[in-house]
Amino acid sequence: MKPAIGSYLSGLIFAIGLAVSGMTQPKKVLAFLDIFGDWDPSLMFVMVGAIGAYSVVYRLVLKRQKPLIEDKLQIPEPRKVDKELILGAIIFGIGWGLAGFCPGPALTSLATLQKAPLIFGLGLLGGMITFKLLRDRKLV
Amino acid sequence: MFLALIGGLLIGLGAGLLWFLNGRILGVSGIIGGLFNFNRTDTLWRMTFLAGLLSGGALMYHFHPQSFEMIQMPSTAVVIAGFLVGIGTRLGNGCTSGHGVCGISRFSVRSIVATLLFMSFGILTVSFVRHVWGGL
Numbered sequence: 006m007k008p009a010i011g012s013y014l015s016g017l018i019f020a021i022g023l024a025v026s027g028m029t030q031p032k033k034v035l036a037f038l039d040i041f042g043d044w045d046p047s048l049m050f051v052m053v054g055a056i057g058a059y060s061v062v063y064r065l066v067l068k069r070q071k072p073l074i075e076d077k078l079q080i081p082e083p084r085k086v087d088k089e090l091i092l093g094a095i096i097f098g099i100g101w102g103l104a105g106f107c108p109g110p111a112l113t114s115l116a117t118l119q120k121a122p123l124i125f126g127l128g129l130l131g132g133m134i135t136f137k138l139l140r141d142r143k144l145v
Numbered sequence: 004m005f006l007a008l009i010g011g012l013l014i015g016l017g018a019g020l021l022w023f024l025n026g027r028i029l030g031v032s033g034i035i036g037g038l039f040n041f042n043r044t045d046t047l048w049r050m051t052f053l054a055g056l057l058s059g060g061a062l063m064y065h066f067h068p069q070s071f072e073m074i075q076m077p078s079t080a081v082v083i084a085g086f087l088v089g090i091g092t093r094l095g096n097g098c099t100s101g102h103g104v105c106g107i108s109r110f111s112v113r114s115i116v117a118t119l120l121f122m123s124f125g126i127l128t129v130s131f132v133r134h135v136w137g138g139l
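So the protein sequences, as listed, match chains A and B. Start counting the first sequence at 6; every next residue gets the next number (the numbering used here). Start counting the second sequence at 4; every next residue gets the next number (the numbering used here).
None of these hints come from the bench; they were simulated from the model. Among these hints, one or two may not hold up.
Output of the computed footprint for chain A on chain B, the stretches with three or more beta carbons under 8 Å from beta carbons of chain A [what the hints assert, rightly or not]:
no.	segment
1	60-67
2	97-107
Reference excerpt, derived from the structure (chain B facing chain A, CB under 10 Å, subset only) [stated by the list, open to error]:
no.	residue
3	Leu13
4	Gly26
5	Gly36
6	Met50
7	Ser70
8	Gln75
9	Ala84
10	Ala117
11	His134
No residue lacks a Cβ here, since even glycine has one placed at the ideal position from N, Cα and C.
Work out the full structure, taking the sequences as your base and the hints as a guide.
Below is the structure:
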């Protein structure tokens with residue numbers, strides 16, 4: 006039961022951060038990516054703040070060696086850059102640039118029941134299910 | 004700019020909380036994508052993470068609805084965008100949170116490459132749509 010509380014709190018703070026930062030406004034995100042047009046660089050500070058805070062917490066917890074609730078830290082094993090990573094990041098970038106939504110802000114915005122995040126969410130669901138079906142058949 | 008920085012710090016702290024409490028690296032696409040593997044012990048924390056996102060969204064929408072201002076865009080484009088983001092983040096094993104925030108903080112070469120790629124292709128897509136295609 007406890008890990009579920011940990012992830013709930015994390016999701017809650019994370020979502021509040023997304024909304025405060027401006028990431029839940031596709032207009033801002035698209036303006037951030039529009040470097041050849043009317044560029045709005047303010048979202049750069051989101052990266053600075055998020056990476057800054059996480060870098061510190063990440064290393065403090067590493068020193069502690071154990072998380073508070075679960076038994077051990079799950080550090081991803083280092084892997085090489087492969088073609089799945091490259092192709093996946095490219096496809097994601099195109100989708101991100103098209104609507105100005107990445108998964109976190111889109112899911113957070115679902116709570117507003119507005120049309121755009123609901124439609125985006127349907128597409129997201131379809132994409133993830135398609136991936137799962139392809140992976141289960143070892144096609145990707 | 005000030006809000007972007009404060010929001011960013013909260014994003015980093017939220018991700019740090021999952022690491023400190025559960026010992027897991029936060030990646031929204033991975034957490035949600037993992038729900039499709041239906042494993043009883045593994046599903047609950049993922050579901051409550053999603054519930055946390057929705058609670059945070061609902062709370063912020065209540066007090067500050069301007070944070071969720073949407074733009075007019077054809078639904079076909081939005082659903083295609085969602086599909087590309089869904090399949091791309093699963094194939095590339097991460098999105099803005101897992102690669103862009105956590106991965107870069109951990110100096111992961113994979114995440115740095117992925118972030119440079121999705122940022123570049125996001126920029127290319129916006130540039131093409133706005134300045135070549137003439138908008139959606």
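Results of checking the hints against the structure:
1. 60-67: Holds, because 6 residues of the segment 60-67 of chain B bring their Cβ atoms closer than 8 Å to Cβ atoms of chain A.
2. 97-107: With 8 residues closer than 8 Å to chain A, the segment 97-107 of chain B meets the three-residue bar; holds.
3. Leu13: With a closest approach of 3 Å, the Leu13 (chain B) hint holds.
4. Gly26: Since the shortest Cβ distance to chain A is 3 Å, the answer is holds.
5. Gly36: holds, 5 Å
6. Met50: holds, 8 Å
7. Ser70: OK, holds: Ser70 (chain B) within 10 Å of chain A, min 4 Å.
8. Gln75: holds, 9 Å
9. Ala84: holds, 3 Å
10. Ala117: The hint holds - Ala117 (chain B) has a Cβ within 10 Å of chain A, the shortest such distance being about 4 Å.
11. His134: holds, 6 Å
Violated hints are absent here; each numbered hint is respected by the structure.
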